[in-house]
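Chain by chain, the residues run as shown.
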Amino acid sequence: MIKIDGVSKHVLKRTGWLKTTKLTLLKDINIQIQKNQFVVILGRNGSGKSTLLKCISGMIFPEEGSIKVMGIDSFKNRTKLSKNMGIMFGQKSLLFTDLRAIDYLNLLKKIYSISEDSFLEMIDLVDMFLPCKDLLDKQVRGMSYGEKMKIELLSILLHKPQLLILDEPFVGLDPSSQKNLLEFIQHYKIVYKATILLTTHQSLEVLNLADRAIILDAGKKTYDGEVNRLLESYSNKKIVKVHWATSSDSYLTDIFDGINVIKQTPDYLELSVEIKKCSVEMLITFLMGQSEIADFEIESISIDKVVESLYEDGALLSPVVS
Amino acid sequence: MKTAHYYHQLFLEGCKINIQRMKLYFPSLFIELLSNLLFVSTVLIFWNVIYETFPNNKIGLTKNELYVYLAFVEIFVCLKTSFTYSTGKLWRVIYSGQLLSFMIRPVHPIVFFLLNSVRLHMLIPPFPIICYLLYQGKTEWTWFSLFLGLCVVVIALILVSLMELSFSLLSLWMTKMNALDEIVDSFMNFTKYPLTIFNYGWQLLFTIVFPFTFYVTAPSFVALSGQMVEMKTWIYGFICLILWGGMLIILWKKGLKRYDGYGG
Chain Y
0 MIKIDGVSKH VLKRTGWLKT TKLTLLKDIN IQIQKNQFVV ILGRNGSGKS
50 TLLKCISGMI FPEEGSIKVM GIDSFKNRTK LSKNMGIMFG QKSLLFTDLR
100 AIDYLNLLKK IYSISEDSFL EMIDLVDMFL PCKDLLDKQV RGMSYGEKMK
150 IELLSILLHK PQLLILDEPF VGLDPSSQKN LLEFIQHYKI VYKATILLTT
200 HQSLEVLNLA DRAIILDAGK KTYDGEVNRL LESYSNKKIV KVHWATSSDS
250 YLTDIFDGIN VIKQTPDYLE LSVEIKKCSV EMLITFLMGQ SEIADFEIES
300 ISIDKVVESL YEDGALLSPV VS
Chain U
0 MKTAHYYHQL FLEGCKINIQ RMKLYFPSLF IELLSNLLFV STVLIFWNVI
50 YETFPNNKIG LTKNELYVYL AFVEIFVCLK TSFTYSTGKL WRVIYSGQLL
100 SFMIRPVHPI VFFLLNSVRL HMLIPPFPII CYLLYQGKTE WTWFSLFLGL
150 CVVVIALILV SLMELSFSLL SLWMTKMNAL DEIVDSFMNF TKYPLTIFNY
200 GWQLLFTIVF PFTFYVTAPS FVALSGQMVE MKTWIYGFIC LILWGGMLII
250 LWKKGLKRYD GYGG
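Quick mapping for you: the protein sequence lines, in order, are chains Y and U.
Going by numbering that gives the first Met the number 0, 247 is the number at position 248 of the first sequence; the sequence numbering is gapless.
Going by numbering that gives the first Met the number 0, 235 is the number at position 236 of the second sequence; the sequence numbering is gapless.
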């Protein structure tokens, strides 16, 4: 579906009266995405996620390398490809704000030559997951951010695209709408056999549904592989937090394998424990023998934490190319 | 392959959107219509004063002929503001990143942009004034000459749009282009008086390089004389169309490669 070969993107930014600086936004990116895959692209702010999506959709020109979508060059054939693509940028509304939602959707209906039945079918479908029928007669400029996002989503789905490119689609949505959107994406992928490319900082639960994750850092790909493999190294870890009743300074790393001290003060201790190497039960028993414990917590590492640590310590991962 | 029927349907949809906007923003529309009427009235008063105060002016048109000229000024301006009003404002769309919203759809982004800026209501206020002016100068034109004049206006509209779009596309390199608003306004200054008041050199410049002659001077003279304009003027007109059209295509293709988009 998508083949990216050695893509680099540079821009010249004016930094003075006559001075420009060359910035590298993407560097030697190679990715192949199969049809009907759900791919999540992760990375810090400014890591090149949106630039990569714009290059894939043919909106901006990659100076080096080539991008083929559905077998054709995406930049040269953007107009043709857009019949089969749905693109949404959560940070930037692409609606005509001075119109009612329905007026804009009617214009798109003509542009894509969509039949009335198909038009209504998609409105019904989106409405099932993200109620939006009541918004159709409302002027876009009077909508809340979340409402705009729903209409935005509807506007890119009317023509039932085979490739969905969603850049931060959860921005502005409340938790319940985020959950519904995720369910919708999953439903759409299955029913329409669509390929989904998505970036997000929020709602990292999306990783549980995605087939594959790509991590970018400073324009370079640092991870490309199955989400399960990405999470595997973290799924066998627990966080143990101990509040001492009286001060203590245990030297656990000398006694137990698979333990990493995250924070230690005289009355508090936080550890990450690899449960394959170290029994949490044994550890707690040991700690209780060391000093009086006022309180303790055992936590699994959340997906948010996993991603946070990936951003902070990319070295944890050895690049995997699928 | 997109057909003429497809674009016709899109144009009608653009008109529908315009009507919807008129409904949603009626007070603004009303003020717009009023200000237009006021503007045209002051122009008429100005020329009446000129002709009464200086009966032997150097404009080269009788008062009746001037009415026809002014009718063509109104025809050009009202068609321009109705259909190609925003061509000089494309740079704002590029600068603000709204261009992306036009690029994600399967029509050329410039066509989509123009569709969104149809302002049919601007046809309404000048209509009675145009009728009045043509009636005043009725001895100077025939239906056929009027038709020919209108054809030249349509060519001129295409030309001016190509020029304004081409200048606008420079923002793909330079991003902000405030000066363009001034340039576009100054283009319109060449509709205020017949360009025959200039010497041959200037007339040539305004025919070949910047084809302002085609805005109002050429079409009104076609309507007045009832004859075809000199063949070389037509040839210049078509050369201008080809040159500015080519310029637009080149700037679009080159500029898009340079475009960084908006945001991350």
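FYI, nobody ran anything at the bench for these hints, they're computed from the structure.
Note that CB positions come from ideal geometry on N, CA and C, so glycine has one too.
Any given hint might turn out to be false.
[As the list claims (entries may be wrong)] Okay, derived cross-link-like pairs now, BS3-like style, lysine-lysine, Cα gap no bigger than 25 Å in a straight line:
no., chain 1, residue 1, chain 2, residue 2
1, U, 252, Y, 12
2, U, 88, U, 175
3, Y, 109, U, 22
4, Y, 91, U, 88
5, U, 137, Y, 67
6, Y, 109, U, 15
7, Y, 159, Y, 91
8, U, 137, Y, 82
9, Y, 12, U, 88
10, Y, 26, U, 22
11, Y, 12, Y, 34
12, U, 175, U, 62
13, Y, 26, Y, 82
14, U, 137, Y, 2
15, Y, 219, U, 137
16, U, 62, Y, 75
17, U, 256, Y, 67
18, Y, 26, U, 62
19, Y, 219, Y, 240
20, Y, 12, U, 22
21, Y, 82, U, 253
22, Y, 108, U, 22
23, Y, 79, U, 175
24, Y, 18, U, 15
25, U, 231, Y, 18
26, Y, 21, U, 256
27, Y, 18, Y, 75
28, U, 252, Y, 21
[What the hints assert, rightly or not] Anything over 12 Å on all C-beta distances counts as not near chain Y; from chain U, calculated:
no., residue
29, 23
30, 51
31, 62
32, 97
33, 102
34, 110
35, 111
36, 133
37, 149
38, 191
39, 234
Hint-by-hint comparison with the structure:
no.	hint	in the structure
1	U:252 / Y:12	holds (21 Å)
2	U:88 / U:175	holds (11 Å)
3	Y:109 / U:22	holds (21 Å)
4	Y:91 / U:88	holds (20 Å)
5	U:137 / Y:67	violated (63 Å)
6	Y:109 / U:15	holds (12 Å)
7	Y:159 / Y:91	holds (22 Å)
8	U:137 / Y:82	violated (52 Å)
9	Y:12 / U:88	holds (24 Å)
10	Y:26 / U:22	violated (50 Å)
11	Y:12 / Y:34	violated (36 Å)
12	U:175 / U:62	violated (44 Å)
13	Y:26 / Y:82	violated (29 Å)
14	U:137 / Y:2	violated (67 Å)
15	Y:219 / U:137	violated (73 Å)
16	U:62 / Y:75	violated (56 Å)
17	U:256 / Y:67	holds (17 Å)
18	Y:26 / U:62	violated (69 Å)
19	Y:219 / Y:240	violated (36 Å)
20	Y:12 / U:22	violated (43 Å)
21	Y:82 / U:253	holds (24 Å)
22	Y:108 / U:22	holds (21 Å)
23	Y:79 / U:175	violated (30 Å)
24	Y:18 / U:15	violated (48 Å)
25	U:231 / Y:18	violated (47 Å)
26	Y:21 / U:256	holds (16 Å)
27	Y:18 / Y:75	violated (31 Å)
28	U:252 / Y:21	holds (22 Å)
29	23	violated (7 Å)
30	51	holds (45 Å)
31	62	holds (43 Å)
32	97	violated (8 Å)
33	102	violated (5 Å)
34	110	violated (10 Å)
35	111	violated (8 Å)
36	133	holds (35 Å)
37	149	holds (28 Å)
38	191	holds (32 Å)
39	234	holds (34 Å)
Violation of the numbered hints given earlier is confined to hints 5, 8, 10, 11, 12, 13, 14, 15, 16, 18, 19, 20, 23, 24, 25, 27, 29, 32, 33, 34 and 35; the remaining hints are satisfied by the structure.
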